[in-house]
Amino acid sequence: MSERRTSLYWRLIGSLSIALTLGSTMLAIAAYNYAQTAADDAYDRLLIGAARQIAETITADNGRLIVDVPLSALETLSISRSDRVYYRVTGPDGAAITGYDDLPMPPAVDRPSEAPAVSDARFKGSDIRTASVKRYVSEAGINGWVVTTVGQTREARNALSADLTWKAALLVIAMSLIALAGIMFTVRRALKPLLHVEAALIGRDPNNLTPLNVEAPAEIAELVDVINRFMQRLSDRFNVMQKYIADSAHQLRTPLTALAAQVELLANEPKPAAQKGYIARVRERTAELGRLTNQLLSHAMVIHRAQAVASDQVDLGAIVRQAVADAIPVSLGRDIAVRQEIAPEPVIIRGDAVSLREAIRNVVENAVHHGADEGLWVRVTRSGDGALAEIHDDGPGIPEADWQQARERFYRGRTSAIGSGLGLAIAADVAQSHNAEMSFERPTTGGFTVRFRFPALDARA
Amino acid sequence: MVLMPALAQARDAYHFPAPGGEQQSVAIEASVDISAMEPLIRDFQALEPTITVDFADSLTNDVFAAASAACDAEMTFADLFITSSSNHVVKLVNDGCALRYESNAVRSLPEWANWRNEAIGFSFEPAVIVYNKNLVPEADIPRSHGDLIELMRAKPEIYDGRIGTYDIDQSGIGFLFAFFDAEQSSTFGRLLEGLGRARAVLRCCTGEILTEIEQGRVLIGYNLLGSYAYGRMAAGAPIGIVLPSDYTLVLSRAAMIPARAADPEAGRMFLDYLISARGQRVAAEQSFFFAFDRPPPKDVVSAHGGEDTSFYRPITIGPSLLATLDRAKRERFLAEWDAAMGRG
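From first to last, the protein sequence lines are chains F and H. Quick note on numbering: the first sequence equals residues 1 to 461 in our numbering. Quick note on numbering: the second sequence equals residues 1001 to 1344 in our numbering.
These are calculated hints, taken from the structure and not from any lab test. Some clues are possibly wrong.
Quick look at which bits of chain H chain F covers, simulated, 3 or more residues with Cβ under 8 Å [said to hold, decoys possible]:
1. 1092 to 1105
2. 1109 to 1118
3. 1335 to 1342
Dumping the calculated EDC-like pairs for lysine to aspartate or glutamate here, alpha-carbon to alpha-carbon at most 20 Å [as the list claims (entries may be wrong)]:
4. H:1091 - H:1138
5. H:1091 - F:236
6. H:1298 - H:1062
7. H:1091 - F:441
From the structure, some residues in chain H lie toward chain F, with a derived Cβ separation under 10 Å [said to hold, decoys possible]:
8. 1170
9. 1180
10. 1324
Positions of the beta carbon are idealized from the N, C-alpha and C atoms, including for glycine.
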């Protein structure tokens, strides 16, 4: 399996891996965003807590604001031990009371609300997070909001979010790897029936065309089914050919034996008058043998073309006209009137012109040799969407009891005339391969009719 | 910021030429006694003989003001900044004035002595009580803050005007110790009251008080730097040292590499040396006498004989030190202190 250019297995694994990688990446990004929010939430609480601790110490004394920044507030901020911390307290007039005078305050601090405001900012070359809490002071001479702002660099937050992200990513990666391993295992298992089919085919005798007997899940059963149908067709074809060869050999042997006997008699006959009689018979047998050979070859050709040649749009009228012309020289020996009723405009059907001509010619020849006393009618007409080709003669025709047999090879009827029984079999085969219907009829007015009914042009064969 | 001229006046510069021929030099601006630094600089040059060391010592506030001004002006200041006022280093780091110091050596430091790998504490300085061995009877030796308060209350006739401590208006270290005394203990108010009532002698520096204790004019010194006191004692001065058993504040001198150091690599090398095992050993033996993860020297009075050092309360180098520099808080604290000392 691995030596095939594109392996189903690796293709499946490849696309599933891509899906897993995309999924993992998206999860990792989501985890990163979540971790940042979580880290900010956690540290914002510390920040706000520290700001409150400072704000609580604000008092007014003789019109002066006093802030006693508690050590504990700074200790709260320095829990992480890695971040720089800043604070600033401003009075109602906006003047700094203590701390870093230029520490930026969150924009939301201007809102008339006591809710703490938090935002990102930049200070002294670093990204920081700031939080402000407001306290309304109303004491001797001082009325207004006192804003306490604290800030902290982002190092601990970033470390926490990186840590959370990394742990989440590890989980995602582990999960993906487990999923991939599971997928690899499952795909391998799922493809196993294919290997069974392969093994069954490889291990098979070339002459063994019986259906494969492999246990397979629904998806593979379809394939096995198709293989089996294909083998069935192959087997059928094979049988046809075998039978054909056997029949042909048998059919050739009889006239050859007869011919050999006549030649023997001729060789031992001293009288010239009698010799003439033998020579006439040898000629007859040779002609018969020639026709038989032609028909065998023609049949083989028809069988081959039925399966190998793509059908085309052809004019049935022209084909029949040509076929009759081919058959006529044979009938010259007898006085038979041939009447053709062929539609002047083309009668287009889908088919193989060569096979069709062969079929019509054989039926006409058959009528001339075995049927017609003195008249032969050939007619091509449209019939609804389809087309009809009829060959009628005024002879006794084939008895109804033999109609089925007449479609098979080497039917010769009760009249053992010169010629083989292949003609109607060829015609029947061609009709079948064209999805046409070949029927026989003995009209009440007498004679015998062979009728081909071809399907509509657009009815696909 | 008109401190630059003042800096120029109070700045003592020392030049240590590279013993093996100069290939590189390191400029250190500091507020540390040269006597404590010299053994370290010499030993550093023994390891790195091609580095010249330029060391300058100024007052803590002056050197801080100079470093701040240089940072604001985006000017080159020094390759290494060292001060005993670790809050100054914290403030500079918080303002983005320091370079990150990436070194494996930093892992050997306790967590409280390192902030962001930018503010690095390299020494261990307990705030001690020093007494004159000849003049203070054994029974009077205060072994805790409570003892000192009690002593001042009980024997004003002896100790009035003979207790010395930092003038925290002048001394950054004094301010830090007082500030954390206030944070640490609820008895700070009583202590302050006691010092005020006893008309404590206030001096700018540990050295001056130590001298007065040696000479007997002052009997007991409070919140003095353990390293200086031990240095004097080791040199034969008739003084004793107590690590208060209720709690002993510990300060770490702090260093940072300024953001615009001319040769940050040189600063990094010197800092590497300071916190290396060898640097720490030299400091413990010759400079500071106390060190991280070491019991106090045997001849120091301490609880549990120094075996269990849970009384140490290190001043964490971190953002909480910013509170000590808050203008409003500082003003109020100093006002309170001045009032207690009868200066207000």
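Handout entry: Hints that the structure is at odds with (numbers, increasing)
Key = 3, 4, 5, 6, 7, 8
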